[in-house]
Amino acid sequence: NAGVTQTPKFQVLKTGQSMTLQCAQDMNHEYMSWYRQDPGMGLRLIHYSVGAGITDQGEVPNGYNVSRSTTEDFPLRLLSAAPSQTSVYFCASNKWGVGYGYTFGSGTRLTVV
Amino acid sequence: KQEVTQIPAALSVPEGENLVLNCSFTDSAIYNLQWFRQDPGKGLTSLLLIQSSQREQTSGRLNASLDKSSGRSTLYIAASQPGDSATYLCAVGNSGGSNYKLTFGKGTLLTVNP
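These protein sequences, in sequence, are chains Y and G.
So that you can map any letter, position 25 of the first sequence is 25 in the working numbering, and since no number is skipped, the others follow by simple counting.
So that you can map any letter, position 11 of the second sequence is 11 in the working numbering, and since no number is skipped, the others follow by simple counting.
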C-alpha cells in the first residue's frame, strides 16, 4: 500500500493565485483531514471529512476549501493565496473504530510571495 | 477547547541515557492519544497509539503511558541513541466518541549526543 500520498511536495505561488493540493489514500479510510504546521504554532486542523460527501471546518479554515467526492481523495483548494498561507501542509487519514491511529502524508511545503 | 502541552520544549541528553517526554491535555474526554516522531523537513511517523481505556503501550525501547483522569501521558525512551534525535509530537484524538480530529502539542525537540 502507498498509504497517504500528497502532491506536490513543494510549491511557490504569487499572492492572489489559486491552486489545489492533492491528497489520496489507498487504505479505505473513512476519515481524512488537512493540517498546517507553522513554527511555534504546532499542527492545526484546517478541514476534515468523516466520509465521502461530508466535510467540516477545523480550527483554521479561512481561505481554504475542500470537497470529498470519493473515499480516496481529499483535495485542499486555496482560492486566492496570501503570504499568511505560507506553511507546510499535511494530509492525514484514519479508519473508524477502536485501535486505529492516524497516517500522515509526507507534506507539501508552500511558499506564497 | 482541548489544549495539549508538551514539556520540555527541547531536551539534550548523552547517548545511552533513559529519558521521559511529557504531554498534558485539558479535556479528559479523549478517544485515544498518539505519539509521533518528526525528522527535520519530513512528515509524521506514528510511534505509539494508546486507546482511552488503556494505561500503556510498548514498542521496542519506547513505552507510552496514559493517565486520563489527570490529563497526562509520558513517552519513555530507554537507552537513547543518536538516531532518536527528532521532534516528538503528542496528539489527542477526541470528539463525540470518535476520532476524526487530532489536537497536537507543539512538540519536544530531542537531541541525543554521541
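None of these hints come from the bench; they were simulated from the model.
Worth double-checking, as some hints may not be accurate.
Taking beta-carbon pairs under 8 Å as the criterion, some of the chain G residues facing chain Y (in silico) [unchecked claim]:
(1) G43
(2) L49
(3) G105
Treat the numbers as computed from the prediction; the structure is a model and nothing was measured.
Glycine included, C-beta positions come from ideal geometry on N, C-alpha and C.
Results of checking the hints against the structure:
1. With its C-beta approaching chain Y no nearer than about 4 Å, G43 of chain G sits inside the 8 Å limit, and its interface hint holds.
2. Taking 8 Å as the C-beta contact cut-off toward chain Y, the hint placing L49 of chain G at the interface holds, the least distance being around 4 Å.
3. Taking 8 Å as the C-beta contact cut-off toward chain Y, the hint placing G105 of chain G at the interface holds, the least distance being around 7 Å.
Violated hints: none; the structure is consistent with every hint.
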